[in-house]
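Here the protein sequences come in this chain order: V and W.
Take 145 as the starting number for the first sequence in the working numbering and just add one per residue.
Take 16 as the starting number for the second sequence in the working numbering and just add one per residue.
Check each hint, because a few of them may be wrong.
[Said to hold, decoys possible] Cross-link-like lysine-lysine pairs, in silico, BS3-like; alpha carbons within 30 angstroms at most:
| no. | chain 1 | residue 1 | chain 2 | residue 2 |
| --- | --- | --- | --- | --- |
| 1 | W | Lys428 | W | Lys347 |
| 2 | V | Lys274 | W | Lys347 |
| 3 | W | Lys428 | V | Lys164 |
| 4 | W | Lys428 | W | Lys473 |
No lab work stands behind these hints: they were computed from the structure.
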Amino acid sequence: METSNAAIAVSQLTRRFGAKTALDSVTLDVPRGGVHGLVGANGAGKTTLIKHILGLLRAQSGTVRVFGRDPVADPVGVLSRIGYLSEENDLPGWMRLDELIRYSRAFYPAWDDAYAEELRQAFALDRGAKIGNLSKGQKARAGLLVALAYRPELLVLDEPSSGLDPIVRRDIVGAVIRTIADEGRTVLFSSHLLDEVEQVADHVTMISQGKIVLSAPLRSIKESHQGASLDEIFLAAAKEG
Amino acid sequence: MRSPAAAVAWEFHRRHRWGLLALGAYVVVLAAVKFAMLGGQRFAFRSAESFAFAVVVPTTATFLYFLAVFTFGLEGDIAARESIYPRRLFTLPLSSEALAGLPMLYGCLAAAGLWLVTRALAVWPAKAHVPAIWPALLAASLLAWTQALTWMSYPLRGLRVVITVLWLSSIDAIVMAALHFQAGEGVMLAILAPHVPLAYLVSRAALRRARCGDVPDWQRLFTRSGSGASRFARRSSPFASAFASATTAQVWFEWRRHGRSLPLLVAILLPFELAMLFLFRETRAIVVETFVIILFTPSVMAAFVAATVATSTAFTATRPMSDASLIAAKLKAATWSALISWLLVIVATAAALGLSGTAPVILDGARWLVKAIGAPRGMVAILLAFAFLIGSTWKQLVQSLAIGMSGRAWLAKGHLFVTLSLLAVALPAAHWISRSKPAMAALWNAIPWIAGILVAIKTLLALWIATRLIERRVLSDRALLAGAACWSAAVLVLSAGMMLIVPAVLVRPYFLVCIAILQVPLVRLAAAPLALVRNRHR
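Isolated chain V (complex conformation) (with noise of 0.2 angstroms):
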């Protein structure tokens, strides 16, 4: 099982609710390392795919594997891997940031309180302060701490830095995401935003209507069209998809 080497393994992987279908037979590997990134329109399927690799969703037809693991079958094996950060950020707002932390390292035996407390200091979090009274791009900046302080093999970002200010984009896309992928661990990074994931990603998937239009290196999609945007290469991909 372990001998797997993609991080995420996709295929065949229909998904329909009611007589939409939101995924239309996906295959998608994603290898160990290095930033993948999952671009769309809005609706084009990339949550729905994200929600069936952390198990959020069974599979109708076709598998889904995460290090090797089924997530349904084995949600602990596979989520105590994955660091997850989702557009929705749904932290309970009740909680001060300490508590967050205190009770999301209970989880994950490679916590690390140093590198905790240095992402909170660069974040300028406040320990004592409660999760619903934080600004939007401060929760993102807390649920991105608990996300990254225990090392994740894995961390998936779901519209990380959807509707927020450049300031905070540029904390989770710049300087984290890269980190991350320099040390050797993988990414699965979505977005419509397709200049963000030009900025970090080392291969692009692109996925409209719930099909996968395109899926490449960066560098080879770029060679491949000279001199077109990633915009103008979606687009067309989207139109032959």
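Starting from the known structure of chain V, fit chain W onto it as the hints suggest.
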């Protein structure tokens, strides 16, 4: 649709059109029975129960439905501190007067209209005097106050339920007292007339505060009392002391989120109840009645709190814990919640009984029991009674987990609707059976069969759930066996206790075993992890 008033009315109609359509059909049936079949004549009902089935139960059910619709109670968390009024409406370009006034106007019209239509179209008993106006005003007043009290923000979770129930009960009590003294229509109108304007003023003030996010918070006061130590700990170490395990952390999470609500609610109610022991220390009957009410307070309050315990968030779903561990944490927190509430009740009641000098009244009752059935059986009866009360408090907290953890709002609402409907039918039916000798005899003969069938259904459901749990590998074989052993032990202890108290001549032992099997929770508890699995991995 150009006016906000029309838009608000349209929204009520659009969201609840099926319920309103069913109500319209009922009204048509009422009118058809009265005018087509009876030619508008009054009718001599054979019993009060027949009238209750035909008119009182449907009208009461419709009124309850109106309460849920016009308070927006079907959309929000009734136990939350925040106003239940939908936040999306706060951003409309409407004044707080309009936000409070329009739903209240429609609600009051619907409640009053319900009475007027029922009065005009229902078949009433031949000699009954049916008042015209004041019941309509009472319905409007109760609805308006329910709106005001549910739209208000509260400093503690669950306090809304307590205050609303107490306030509506006191209005009912005033009306009942007035009827008892045969007050005329004029007096009734004078008593009820100020309620709707007052409720409007309260709801307007409540919405003004809720609209700007003003929610009082007493929980901070409780945490502030212990904040000195925590502040010191925070200074000395970056993140205070660690939890021993993920399970401990999750139990703490559940306790902080839901567990404290029940002890807090009990602590709020208890002083009022205990005050009765001091106020009426000379009246033996009231002392005994108050003591019984106190004993049932935790389990009644637990029924209100249960809806909040049975919730799960996306944040919890992404914790690296098994489904069974997440449910186990909820069960542990519920156990602590029930035990602490009972510790509070026992200590405070014992102190109040001693200080008020009413302890001899209760001790006399215990002595009478011991004298009547003997010391060992008396002791067992008292212990069983306490175990039953504490167990039923815990049971109330956890038995709706399976429904709540499924994450399906329609299931929770459907369950509530079915429960209320069954209650509405069961209470008059039970009353009718208790007054009919042939029905009582038939029921008495059928009791062993009914108990047997219920036990068979429970056993089959439990087996089906156990099979699903094994198939889906939600619980380990060991956990499943341990659960089955605990349940069997509880059934055995309860059966043995009941057999010791109740002589076999009066009730057959197998029937007592059936009661124990039905009483100890199994099916809904075992279904909770399955419900979470379906919700967590949809």
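Verification of the supplied hints:
At most 30 angstroms may separate the alpha-carbon atoms for a hinted pair to count; W/Lys428 and W/Lys347 meet this at roughly 26 angstroms. Among the hinted pairs, V/Lys274 with W/Lys347 is consistent with the structure: their alpha-carbon atoms are about 26 angstroms apart, no more than 30 angstroms. The hinted pair formed by W/Lys428 and V/Lys164 meets the criterion: a straight-line CA distance of about 26 angstroms does not exceed 30 angstroms. For a cut-off of 30 angstroms, the pair hint linking W/Lys428 to W/Lys473 stands: about 23 angstroms separates their Cα positions.
Going through the hint list in order, the structure satisfies each hint without exception.
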